[in-house]
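Novice: Each chain, letter by letter, is given below.
Protein chains: 2
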Amino acid sequence: MKLTSTASRKLAALSLDEIKEAQQEASRQFEEFKARGLSLNMARGKPCVEQLDLALGVLEALHARSEFANSNGDDCRNYGVWNGLPEMRAIFGELLGIPDDLIILGNNSSLQMMFDCISQGYTHGYSGCEPWCRQGDVKFLCPAPGYDRHFAVTEYFGIQMIPVPMLKTGPDMDLIERLVQDETVKGCWCVPKYSNPTGVTFSDETVRRFARLKPAAKDFRIMWDNAYCVHDLTDEPDQLLNIYEECLKHGTEDQVLIFASTSKISFPGAGVAALAASKRNIDDLKLRTTVQTIGSDKLNQLRHVLFLHDADGVRSLMKGHRRILEPKFHIVLDALEQELGGLGIARWSHPHGGYFVNLDVMNGCARQVVALCKEAGVVLTDAGATFPYGADPNDSNIRIAPSFPPEEELREAMELLCIAVRLAATEKLLYERAE
Amino acid sequence: MKLTSTASRKLAALSLDEIKEAQQEASRQFEEFKARGLSLNMARGKPCVEQLDLALGVLEALHARSEFANSNGDDCRNYGVWNGLPEMRAIFGELLGIPDDLIILGNNSSLQMMFDCISQGYTHGYSGCEPWCRQGDVKFLCPAPGYDRHFAVTEYFGIQMIPVPMLKTGPDMDLIERLVQDETVKGCWCVPKYSNPTGVTFSDETVRRFARLKPAAKDFRIMWDNAYCVHDLTDEPDQLLNIYEECLKHGTEDQVLIFASTSKISFPGAGVAALAASKRNIDDLKLRTTVQTIGSDKLNQLRHVLFLHDADGVRSLMKGHRRILEPKFHIVLDALEQELGGLGIARWSHPHGGYFVNLDVMNGCARQVVALCKEAGVVLTDAGATFPYGADPNDSNIRIAPSFPPEEELREAMELLCIAVRLAATEKLLYERAE
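Sequence order for the protein chains is A and B. The first sequence begins at 1 in the working numbering and counts up one residue at a time. The second sequence begins at 1 in the working numbering and counts up one residue at a time.
Keep in mind the hints are simulated off the structure, nothing from the lab. Some clues are possibly wrong.
Claimed, not checked - Sample of chain B residues with no beta-carbon within 12 Å of chain A, all distances over it, derived: (1) Arg-9; (2) Asp-53; (3) Leu-62; (4) Asp-75; (5) Gly-80; (6) Asn-108; (7) Tyr-122; (8) Pro-131; (9) Lys-168; (10) Val-185; (11) Glu-205; (12) Glu-246; (13) Ser-278; (14) Asp-297; (15) Leu-430.
Claimed, not checked - Below 35 Å or equal to it, Euclidean Cα-Cα: the simulated DSBU-like pairs (lysine-lysine) are: (16) Lys-286/A / Lys-10/B; (17) Lys-10/B / Lys-374/A; (18) Lys-218/B / Lys-139/A; (19) Lys-20/A / Lys-10/A; (20) Lys-218/B / Lys-10/B; (21) Lys-139/B / Lys-279/A; (22) Lys-10/B / Lys-139/A.
Unchecked claim - Each pair of labels, with its calculated beta carbon distance range: (23) Gly-73/B / Gly-57/A: 37 to 43 Å; (24) Arg-280/A / Lys-214/B: 29 to 35 Å; (25) His-350/A / Glu-94/B: 24 to 30 Å; (26) Arg-178/A / Lys-214/B: 28 to 34 Å; (27) Ala-64/B / Asp-312/A: 41 to 47 Å; (28) Arg-347/B / Gly-73/A: 34 to 40 Å.
Just so you know, even glycine gets a beta-carbon here, dropped at the ideal spot from N, CA and C.
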């Protein structure tokens with residue numbers, strides 16, 4: 001199914017009749033799609049089965065093993081080792097460029113480590129300040145579009161979210177530098193590399209400005225979710241400056257909490273999560289962690305150590321992920337270019353890594369596009385989900401998650417998505433002309 | 001090393017010279033022990049290596065497996081299934097006598113699930129009430145002696161702890177029924193079967209009185225930590241009434257949160273934890289859990305399902321644990337009987353299961369006994385740790401954890417402990433006579 005000749009020009013420049021014709025064609029194509037009875041889910045950045053198979057070695061790592069002592073002499077099967085296996089901390093240390101003793105391992109979810117850090121701020125506070133629950137209304141900066149689960153955690157604790165526009169270089173730092181003058185602003189969410197969903201990697205200058213930040217609140221914390229630190233998809237991967245080293249230069253290392261995990265390296269449901277922080281923060285976190293649990297799952301950490309070996313092992317594994325993901329990203333980008341290129345009704349990202357393609361459709365059309373796709377059997381991430389409170393001010397942002405569906409299904413889903421974008425855009429243009 | 005003849009009578013009934021002689025003998029024996037340069041740790045109820053080896057099959061369960069879908073069709077390696085694998089929930093359901101759909105699985109730590117439940121009360125509240133952090137001073141009932149980590153969680157949140165004496169039938173229910181008339185009392189900790197450290201299993205009447213409890217606080221929660229539900233050590237295991245069923249009879253099912261885990265069934269550091277609760281509580285918990293994490297480690301749950309099969313599989317495995325643990329408990333009890341029996345300076349429990357022997361020495365002697373043991377190289381649980389704020393009002397309670405040391409070391413440690421008890425007691429008696 002190819003575009004007709006009308007589609008080679010910007011839609012808005014067409015005559016009323018031409019737009020009507022384009023709308024009718026899109027509508028006809030849409031009905032055809034509906035009749036196919038598709039059932040696809042592209043809502044989340046879930047790795048596909050072939051990716052999961054790359055890490056099957058993790059499950060074999062403890063096969064026929066009878067020795068479970070780690071380098072400290074602790075039996076990995078028993079209680080203890082509050083901060084996790086030294087060998088696994090060393091792998092994260094190398095990947096993140098942070099000393100191993102500033103790293104704490106969690107279980108399978110870095111989201112849970114973030115939740116717990118926000119909870120700790122809420123119930124006990126940071127840097128000797130009053131807990132946030134006793135400080136009246138507090139606020140968090142939320143670069144947007146961003147990660148819906150960050151926003152959900154913030155909202156759960158009743159922390160007011162202030163959206164900050166995402167630029168090509170990362171969040172609008174002029175705005176952030178102004179906003180942190182407010183003492184009730186207690187932190188900022190960041191996905192600094194291959195940002196969810198924009199694919200933007202923060203520029204060196206953005207990272208430096210975060211490191212130089214002098215917030216009014218002593219208990220301000222940058223939640224640096226480096227979820228895609230090794231998730232490159234091209235030969236020219238983005239380079240992210242090491243924020244911890246930058247902070248050390250300015251004595252601001254207490255204001256950043258850094259997160260990573262193997263969720264999209266080994267298994268989303270059974271990986272290893274990690275948190276890196278300054279000595280003072282680690283001491284604070286230890287007080288809570290040692291009350292909360294008798295240690296994370298060290299056998300799973302041992303499995304990962306035996307399978308991954310070291311940071312190079314991780315990087316080599318990530319090449320396998322790239323081989324599976326890169327063609328899927330091409331399917332998405334090719335479809336967008338072929339079906340929507342030049343129409344002036346959509347812009348999209350060309351990420352060098354990560355899990356998402358960011359699609360901006362005409363203002364006021366995103367909800368309609370997502371609803372149309374759902375009607376025809378393709379579930380996308382809810383429109384608005386990438387903004388605090390689910391409120392996209394332009395109703396234009398759509399997150400495309402190409403990883404999970406098989407290539408053939410992805411092609412179909414993209415075809416439908418492009419039809420839906422054209423249908424919504426032509427309907428909007430017709431409505432405007434009618435006014 | 002046997003006791004001398006003076007030891008066959010109650011110490012307090014001896015003449016001053018006889019006590020002096022007993023003190024000197026104990027002192028000499030103690031110095032001999034110190035010279036041995038022991039280094040043993042009996043501080044925690046840690047399973048021993050032989051116990052951990054019983055569950056090695058867990059690690060083989062996914063060997064050479066290529067199929068990871070559970071009965072719902074979800075790939076256990078991927079994100080999702082917020083409440084855990086249905087098959088594993090079914091095993092806990094059968095063990096606890098509670099419908100599977102009222103069970104949520106966690107990761108490796110039931111303590112973490114308890115911490116999170118207390119945290120949820122603190123930050124968000126239960127049953128539509130204000131969060132505890134907004135209600136001013138709130139209190140928790142703490143049957144004592146009890147589990148130090150329960151008390152640590154309570155103290156972490158600044159919740160005032162009210163000790164409640166443990167009787168042979170469980171906590172003093174007359175007192176609890178009076179105390180819950182206070183609306184600021186928000187909950188009560190319980191280890192209802194083979195209680196840590198007393199070994200007491202709550203009587204049917206105690207369970208019924210908990211179920212009939214009508215606390216003034218609508219957001220009152222019984223933290224029912226059924227950690228030792230299948231941890232029998234004799235042919236006449238204690239029977240615990242099903243509190244959930246009892247609560248249903250009185251419409252009080254919202255006031256109990258039930259916890260269990262395989263920490264002492266498979267691996268302490270890598271087991272599966274579970275929480276059971278009423279439909280209304282599960283709905284409340286779901287709101288938090290689905291924000292906090294994208295699911296617990298389902299691969300580890302699948303490992304456990306494949307290894308354990310069902311509740312009978314668990315019970316059969318527990319017979320293996322009993323074969324290892326029962327002789328260790330006998331070593332402890334035989335040593336106490338042989339070295340301290342009839343002296344009138346100590347009482348101890350004869351538990352039918354669980355992980356501890358509860359030793360009560362002469363008032364004012366527990367800290368001294370633990371310090372003496374430490375001096376000679378044997379680390380026991382800190383004296384006082386079994387009471388809120390570490391404050392044993394009588395300074396008499398000592399928790400003996402026989403599971404971890406090899407039998408020979410356990411014998412040595414018990415010999416030392418008995419010497420320390422006699423030394424502390426004779427010193428106390430001499431001090432009293434001198435006054």
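Novice: Run through the hints listed earlier and report the numbers of any the structure violates, in increasing order.
Specialist: 2, 3, 4, 5, 6, 7, 8, 14, 16, 17, 20, 22, 23, 24, 25, 26, 27
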